[in-house]
Amino acid sequence: MQLFRIRGGVHPDDRKTLAAGRPIEPLPMPKLLHIPLQQHIGAIANPLVQRRQYVAKGERIAQAQGTVSAPIHAPTSGRIVGLGLYPANHPSGLSVRTITLQPDGKDRWHKRIQGVADPLALEPVEIAKRVADAGVVGMGGATFPSAVKLGLGKRYQLSTLVINGSECEPYLTCDDQLMREQAEAIVDGARIMARALGVDRLLFGIEGNKPEALVAMQRATAELAGADVVRLPMRYPMGSEKHLVQTLTGKETPARGLTADIGVVVHNPATAFAVHEALRFGRPLVSRVISITGGAISTPKNLRVLIGTKIEDLIEHCGRFREDPERLIAGGPMMGQPIPELRVPVMKGTNGILALTAAETGKREPQPCIRCGSCVQACPCGLVPLGMAAHVRTGDLDGAVATGLMDCIGCGSCAYVCPAHIPLVQFFNHAKGELAARGRAKQKQTETKRLAEHRARRLEAQKRAKREAMAKRKREAEAKKQAEAKAQAESERQTEAKAQAEAERQTEANQQVMAANEAEARIKPRTESLTKHGLEQRLKQAPESNQDQAVAEAQAC
Amino acid sequence: MLDSPLLASPHAHAPVSISRTMGLVLLALLPATLLGLWQFGWPAILLFSATLTAALLFEALALILGGKPLRASLMDGSALLTGWLLVMTLPPWAPWWIGVLGAFIAIIVGKQVFGGLGQNLFNPAMVARVVLLVSFPLEMTQWIGPQPLFFAQTPGLNDGLAISLDGLSAPWDAMSGASILGQVDLILQQGGDLAAATPELFAPLTALLGGIPGSLGETSALLLLLGGLFLIRKGVIDWVIPVAVLLGVAVPASLLHLLDPARFAGPLLHLLAGATLLTAFFIATDPVTSPVSRLGQAVFGAGAGLLIYLIRTFGAYPEGAAFAILLMNAATPMIDHYIKPRIFGRDRHGRPLPVAGDAAQERQR
Chain A
0 MQLFRIRGGV
10 HPDDRKTLAA
20 GRPIEPLPMP
30 KLLHIPLQQH
40 IGAIANPLVQ
50 RRQYVAKGER
60 IAQAQGTVSA
70 PIHAPTSGRI
80 VGLGLYPANH
90 PSGLSVRTIT
100 LQPDGKDRWH
110 KRIQGVADPL
120 ALEPVEIAKR
130 VADAGVVGMG
140 GATFPSAVKL
150 GLGKRYQLST
160 LVINGSECEP
170 YLTCDDQLMR
180 EQAEAIVDGA
190 RIMARALGVD
200 RLLFGIEGNK
210 PEALVAMQRA
220 TAELAGADVV
230 RLPMRYPMGS
240 EKHLVQTLTG
250 KETPARGLTA
260 DIGVVVHNPA
270 TAFAVHEALR
280 FGRPLVSRVI
290 SITGGAISTP
300 KNLRVLIGTK
310 IEDLIEHCGR
320 FREDPERLIA
330 GGPMMGQPIP
340 ELRVPVMKGT
350 NGILALTAAE
360 TGKREPQPCI
370 RCGSCVQACP
380 CGLVPLGMAA
390 HVRTGDLDGA
400 VATGLMDCIG
410 CGSCAYVCPA
420 HIPLVQFFNH
430 AKGELAARGR
440 AKQKQTETKR
450 LAEHRARRLE
460 AQKRAKREAM
470 AKRKREAEAK
480 KQAEAKAQAE
490 SERQTEAKAQ
500 AEAERQTEAN
510 QQVMAANEAE
520 ARIKPRTESL
530 TKHGLEQRLK
540 QAPESNQDQA
550 VAEAQAC
Chain B
0 MLDSPLLASP
10 HAHAPVSISR
20 TMGLVLLALL
30 PATLLGLWQF
40 GWPAILLFSA
50 TLTAALLFEA
60 LALILGGKPL
70 RASLMDGSAL
80 LTGWLLVMTL
90 PPWAPWWIGV
100 LGAFIAIIVG
110 KQVFGGLGQN
120 LFNPAMVARV
130 VLLVSFPLEM
140 TQWIGPQPLF
150 FAQTPGLNDG
160 LAISLDGLSA
170 PWDAMSGASI
180 LGQVDLILQQ
190 GGDLAAATPE
200 LFAPLTALLG
210 GIPGSLGETS
220 ALLLLLGGLF
230 LIRKGVIDWV
240 IPVAVLLGVA
250 VPASLLHLLD
260 PARFAGPLLH
270 LLAGATLLTA
280 FFIATDPVTS
290 PVSRLGQAVF
300 GAGAGLLIYL
310 IRTFGAYPEG
320 AAFAILLMNA
330 ATPMIDHYIK
340 PRIFGRDRHG
350 RPLPVAGDAA
360 QERQR
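Those protein sequence lines, which keep their order, are chains A and B.
In case it helps, numbering that gives the first Met the number 0 puts the first sequence at residues 0 to 556.
In case it helps, numbering that gives the first Met the number 0 puts the second sequence at residues 0 to 364.
So here's chain A without its partners, still in its complex pose (with noise of 0.2 angstroms):
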């Protein structure tokens, strides 16, 4: 198959013989698994437990919340211990609503927990609600609800479906593992995700250095029409998304733009695993592949982890640290992040813990930038680094977005070939940190000048409304009056003709009389509320307060 050349790039040194090759094994049960309600992009789920709730393997202990949301299950059977706060697998070290199960060690699965016997017959509807069920997302590290994913077809005019194998990120080896160990069952879930998306082109694209994984799968997809293995030219970032697909295609994402707009959707391998499982077996997503590498771990390993395991059973289990680690992170080195501490739990996400040592961070103290222009040569978004981290290195962060800050994907390649070490991605994170406050604030601001202006016009309205009211009352005044005199003058020009008879004027002027009371009374409670004060009092009351109480809220979101 033809590949096309992507920009740019880098050829970091991949360190994959740290954990290639070591199957992926169990880890013995944990004493606690710390289950965060946040393990993906979109809304916090909602827990569906309580305390000292007895839950089975695979039931749902929180459910999604609004459309880009997912479900999480129990990962093994136990008891529910805790429902609170606990410090989340993120750099910032910061809590999040977490359930806390206690392991009962039986490991029993729940009894509804039941597979499709024929998933390729489904309707492509009902596989992306099963796959929401199962709280699948995507699991090469963004976690993407996977079901929103899939039900791009019925927007978007689809052609293929790419699994992405490149597993690009020096050290990480689990979805390599997974692919030689699982093939069957990652094509069985990319065919499932194609029928969803109702494509029948499928590629798999493997980078070079994964010929075990290449060739297992090209065994696994020989039978299948439509389908191909690719094997990808080793440069970072041939994972990414964008650049994926123009290696495979030579079509090129538009920017902003997702690459359904060029037809093709994007997979990841233990993502298509965790589809098969959940269409097969009707199992969740309770557990997954994790590789414990780095220089600093005493044996690299790849380990099927339940989701809530706390990386401190990891790292136990792999025989704990051959020297003090420099630095430890979660995900790859390129774009992984810092594990605040070593309590923190494995998520959806996690596919990698390192341990780096000192020589391999390769760490040193920041230089002047020398303009190498080494930066421009490594971006595979076509950017000019130096000049972005300029800009914010000033403030002008409009300059910064004006020369492209926003097509960054913060690979890292930039930073990681620039010969005065300088922390380009620090600089962009903090830029696009910084542009995500202002437009918070903007927003903010917006909202309530919106709600300010509703009030002045409501308040306007209200003015409006009480003029007319006072005019109408005049009016109504007016011409109570003229019918009294009206009447008053009628009774006089019957005073004056004196030729009438007495009882039959009697009689009519009590009428007339009777007829202005009736009038009179009908107005009176009106006129009394209608008072100056009255009307004032009614006005500033309940729309007001509402109005306030919006405003308020406005300026608190």
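Heads up, some of the hints might be wrong.
Below are the DSS-like pairs computed for lysine-lysine, each with C-alpha atoms no more than 27 angstroms apart in a straight line [what the hints assert, rightly or not]:
#1 A/K153 / A/K30
#2 B/K233 / A/K462
#3 A/K479 / A/K465
#4 A/K462 / A/K473
#5 B/K233 / A/K15
#6 A/K110 / A/K30
#7 B/K233 / A/K362
#8 A/K153 / A/K128
Derived from the structure by calculation, the hints contain no laboratory data.
Since we're looking at a predicted model, the values are computed, not measured.
The hints should help you fit chain B onto chain A, whose structure is shown.
Relative to the frame of chain A, chain B by itself:
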């Protein structure tokens, strides 16, 4: 380890650093330099030592005055390289103070007043060379043929000291003469036929191996070429600028030589004589003062090459490389402003690429 501050990725780094870059450039310069020092003997060695020492001292002085860390900046090798490149372009028997003054101009005026490493607009060594050339035309144009060490007629240490301290005087001044490019200029001024004179004047093999009169470090084209190829191989410099410079010199030289061989010297002479190769591989490739994008570098290199040829052929200075470099340095910010790589997913104007069919409608919604 765990209480380290928040660190952005990447957590690995290519085995590169500024000091490694500078060190490799120095290493690449070493063969041509050693040949030059051997060929021109003690006066050259003294000039070389004086210039490099002065460059380091001026750098240290500026760092102390600026309150910057002394050790890290001195150890990055940039000041050493600036002094080294400067001395490579000086007449080998120039007096010591030419080198020291040049180091002052290069380090203080050319680099540190701009803010130090990475901040200067112009190549410091070339700034110094041009100031010296304009200020001291006599000392800066006294070229001598090679007088290798350890031969009977070469000046010993004592004579070398005398030359370095007092300038060229009898009997040594008899050895001085014009460089090849100077001689070409002279022949043309006298209305001579260049085509007839060239074979006697210029032997390509001699120029390739060294052994022609010229600046301290530019005599052997071969060693400079090997040094440059070594840098490209090591990834320290890109091939774009050197190739563009050489083409920028060779193409117009070939064209005009074909038109009128009597008036215009051929491309081989222009490539091998003077500072062409030193400029192409070591001076035009200075990262600080050259553009950052590949296309920009091509424009920069071709412009520099063309200017070298034009200044040599039509200008007042037969050795025009330094002027050409400074002119292109001045154009670098503009080149970088207008010539940028195309951003992924966008066209040359920065607009997102068009989306076809349904997806486009979806996007509009």
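Cross-check of the supplied hints:
Annotation: proposed proximity of A/K153 to A/K30 is violated, straight-line Cα distance about 44 angstroms (limit 27 angstroms). For the hint linking B/K233 to A/K462, the alpha-carbon distance of about 80 angstroms lies beyond 27 angstroms, and the restraint is violated. Between A/K479 and A/K465 the CA atoms are separated by roughly 21 angstroms; this keeps the pair inside 27 angstroms, and the hint holds. Taking the CA atoms of A/K462 and A/K473, the gap is near 16 angstroms; set against the 27 angstroms cutoff, the hint holds.
Of the pairs offered as hints, the one joining B/K233 and A/K15 holds, with about 25 angstroms between alpha carbons and a cut-off of 27 angstroms not exceeded. Between A/K110 and A/K30 the alpha-carbon distance is near 24 angstroms, which keeps this suggested pair within the 27 angstroms criterion. Note on B/K233 and A/K362: the hinted pairing holds, with a Cα-Cα distance of about 21 angstroms set against a maximum of 27 angstroms. The suggested pairing of A/K153 with A/K128 holds, with an alpha-carbon distance near 14 angstroms, which does not exceed 27 angstroms.
Checked against the numbered hints listed earlier, the structure breaks hints 1 and 2; every other hint is satisfied.
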